[in-house]
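Please model the complete structure; the sequences and the hints are all you need to start from.
If you read the sequences in order, they're chains A and B. FYI, in my numbering the residues of the first sequence are 1 to 596. FYI, in my numbering the residues of the second sequence are 597 to 734.
A portion of the hints provided could be inaccurate.
[Claimed, not checked] Think about it this way: if two alpha-carbon atoms lie no more than 30 Å apart in a straight line, the pair counts; the simulated BS3-like pairs of lysine-lysine are:
| no. | chain 1 | residue 1 | chain 2 | residue 2 |
| --- | --- | --- | --- | --- |
| 1 | A | K110 | B | K713 |
| 2 | A | K94 | B | K625 |
| 3 | A | K497 | A | K311 |
| 4 | A | K84 | B | K671 |
| 5 | B | K701 | A | K84 |
| 6 | B | K723 | A | K84 |
| 7 | B | K625 | A | K249 |
| 8 | B | K637 | A | K3 |
| 9 | B | K637 | A | K145 |
| 10 | B | K624 | A | K256 |
| 11 | B | K624 | A | K3 |
| 12 | B | K637 | A | K231 |
| 13 | A | K84 | B | K643 |
| 14 | A | K39 | B | K713 |
| 15 | A | K53 | B | K701 |
Just so you know, these hints were derived from the structure itself, not from any lab.
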Amino acid sequence: MGKEYVVTLCEGPSCIHKGSRRLRQLLEKKLEKHGIAGKVRTFLSGCLGMCAKGPIMVINPGYVIYGGVTVDDVDEIVEQHLIKDNPVARLTVKESHLYNRFFRVFGDAKFFGKQMRIALRNCGIIDPESIEDYLSLRGYEALAKVLTDMTPEDVIEELKKSGLRGRGGAGFPTGLKWQFTRAAESDEKYVICNADEGDPGAFMDRSAIEGDPHTVIEGMAIGAYAIGANKGYMYIRAEYPLAIERIQKAIDDAKKHGILGDNILGSDFSFDVEIKLGAGAFVCGEETALIHSIEGYRGMPRPRPPYPSVKGLFDKPTLINNVETWANIPVVIIDGGDWFSKVGVGKSNGTKVFAVAGRIVNTGLVEVPMGTTLREIIYDICGGIPGNKKFKAVQTGGPSGGCLPEDFLDTSIDYESLAEVGSIMGSGGMIVIDEDSCMVQMAEFFLEFTQSESCGKCTPCREGTKRMLEILTRISKGKGQDGDIEKLERLGHMIQKASLCGLGQSAPNPVLSTLKNFRDEYKEHIYNSKCRAGQCKAMLSYLITDNCIGCGACLRACPVDAITGNKKEKHLINQDICIKCGKCYEVCKFDAVAKS
Amino acid sequence: MSRRKKETHSYSRLKGIHKVVTPLDIIKKKRAEAVSRIIGKGYLSTKRVYVGMATCEIAAGSDEVMRVFRDAISKGGLTDVYLSQKGCVGRCNLEPTVEIIESGKNPVRYGLITPEKAQNIIDRHLKKGEVITEWVID
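As structure tokens, this is what we get:
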């Protein structure tokens with residue numbers, strides 16, 4: 001036998017129930033028996049989305065899928081396929097879900113094993129600048145299908161069946177939103193793609209647009225058909241030049257093929273997309289502020305209702321969805337709402353993309369079925385914390401979300417579960433924090449961001465975040481006062497309740513959730529002048545211990561000449577001059593510099 | 597307007613009576629054309645090389661890597677290779693990434709590729725068929 005096979009067994013809940021684990025044990029025993037255990041690699045994957053035909057076994061190369069495999073079939077598979085290279089025809093399943101191609105290339109890598117790529121199904125697979133690549137993978141088939149034999153009502157019905165919810169963070173049912181916009185009467189309607197991604201550390205939308213721009217356009221065209229619009233806007237940040245270039249090329253190519261413009265694909269549906277650049281204001285990700293920005297006004301939110309579905313862009317009914325939501329639409333149409341609704345858990349269907357960053361071995365973009373736990377993402381997919389450090393917290397939802405400590409690692413990722421424990425799904429930022437980070441500084445960082453991005457229209461957000469930030473800065477500088485914690489909580493709850501838009505309503509979340517889960521750290525800062533992570537410089541001092549042999553390395557490294565001492569004698573740090581940069585700590589080879 | 601709109605949604609009804617070209621027919625034809633154009637560009641070569649070219653990958657140096665492959669094909673006599681760019685697959689800490697897909701074999705994914713490593717991949721993997729395991733992402 002020449003080929004080196006990889007056998008993947010689906011380890012989704014449904015396949016486990018049908019015995020996939022027993023199959024694996026048996027398979028490994030047989031491989032051992034035939035003496036080919038070293039040549040065949042077995043691999044476990046998360047749900048492959050073919051639950052109805054489970055247990056599923058995939059054999060590569062060749063991408064042969066076996067369904068309904070029983071213990072009696074294992075012998076035949078090993079002898080026929082793995083030894084004689086002769087696939088067992090009676091067990092093969094012909095499945096052509098849209099994400100299959102991703103799995104072919106990346107399915108046996110550990111990082112991708114537990115992932116399921118629906119929105120990002122083509123990212124990293126196709127040439128994003130080639131419409132041919134997209135067309136060859138059933139691109140624009142969903143749009144054509146909709147134009148050929150679905151009424152707008154059918155499309156909305158399919159979407160409602162799928163249970164897809166807005167991926168921008170709030171999680172509003174997409175089908176309902178479409179229905180409301182369709183029901184609003186007007187001579188003109190609009191669709192908007194919100195690609196104003198502003199969360200620090202989040203880059204899901206950028207990757208989606210740079211990796212597969214046509215999917216987003218196809219989704220928008222289907223949305224426009226469903227609500228009866230002819231004009232779409234792509235609102236994208238100017239900081240994403242390559243994404244803009246690629247989406248522009250995609251629009252031009254689609255027009256050349258008659259897929260955008262007048263009478264799309266010979267039908268009488270016409271639709272065009274225009275790109276609008278955002279100048280990088282965080283608040284413009286809020287839908288009403290975004291609409292103001294497109295209209296040419298200053299990007300500021302307005303009270304809702306009326307919602308954009310009734311009165312949006314230029315006061316016309318407007319359908320506004322996030323990039324990731326749009327990217328899911330073609331899959332819902334082609335694979336069907338029923339199939340989509342089976343992926344995920346509870347009221348959260350489908351998958352969610354996360355940008356995982358921070359203190360983690362494998363930083364990156366992951367797309368997992370809803371219901372995956374935080375632990376699975378952090379440890380199984382992303383490889384845990386580097387340098388044997390201890391996990392401290394995970395921040396989901398960026399500056400609008402909350403920090404969850406270790407006790408919550410087994411929280412299932414879905415809209416309801418995350419809200420229950422005091423965080424949010426958010427748009428998909430996920431920052432992992434280890435024991436070396438200070439939670440007060442973390443909260444300060446996020447609040448500094450929202451405070452400077454506050455548009456200033458409403459007082460609670462403008463003034464409240466400023467006052468909260470002052471208190472946090474005071475605490476991290478070692479000047480915290482008795483009563484500061486209570487004051488932060490009071491202010492935070494007030495801002496949540498009284499702010500006009502989502503920015504203000506969610507801005508106190510990082511502070512409130514760290515106060516709830518890491519209250520001791522705040523107390524230590526205020527009452528004991530202690531920062532357990534050793535990050536708050538005001539509470540830190542460096543000392544030279546008796547381990548010092550007087551080599552002079554620290555003396556030379558100190559940028560402010562705060563260290564004195566003769567050669568071969570113990571050195572001394574002058575605390576009045578020391579700026580606590582930590583250089584001496586880094587260069588010392590004898591563990592003679594201590595933090596306290 | 598309303599009458600014309602109705603026609604759009606009744607292709608399936610019309611199809612039985614007249615010969616109507618539906619949007620689905622058009623897109624299927626386009627797909628067939630796209631596939632043949634891709635094949636025309638050499639897709640059926642025994643080896644296909646994909647280089648990540650998103651903002652993040654380019655920032656990590658993937659355009660230099662791409663140039664090495666391009667030069668090897670145009671000047672270095674590397675034949676029977678289909679070279680293409682791709683978007684970001686999400687392996688941020690291992691970028692730039694390069695995939696090599698050969699018919700009948702499992703895809704090989706390389707991470708942290710520099711121009712020098714790319715040259716090595718050309719000389720050892722693409723020309724001699726040796727998988728350079730220490731750079732492989734799993």
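How the hints compare with the structure:
no. : hint            : result
1   : A:K110 x B:K713 : holds (23 Å)
2   : A:K94 x B:K625  : holds (23 Å)
3   : A:K497 x A:K311 : holds (24 Å)
4   : A:K84 x B:K671  : violated (41 Å)
5   : B:K701 x A:K84  : holds (16 Å)
6   : B:K723 x A:K84  : holds (28 Å)
7   : B:K625 x A:K249 : holds (22 Å)
8   : B:K637 x A:K3   : holds (28 Å)
9   : B:K637 x A:K145 : holds (29 Å)
10  : B:K624 x A:K256 : holds (16 Å)
11  : B:K624 x A:K3   : violated (35 Å)
12  : B:K637 x A:K231 : violated (35 Å)
13  : A:K84 x B:K643  : holds (25 Å)
14  : A:K39 x B:K713  : holds (27 Å)
15  : A:K53 x B:K701  : holds (26 Å)
Checked against the numbered hints above, the structure violates hints 4, 11 and 12; every other hint is satisfied.
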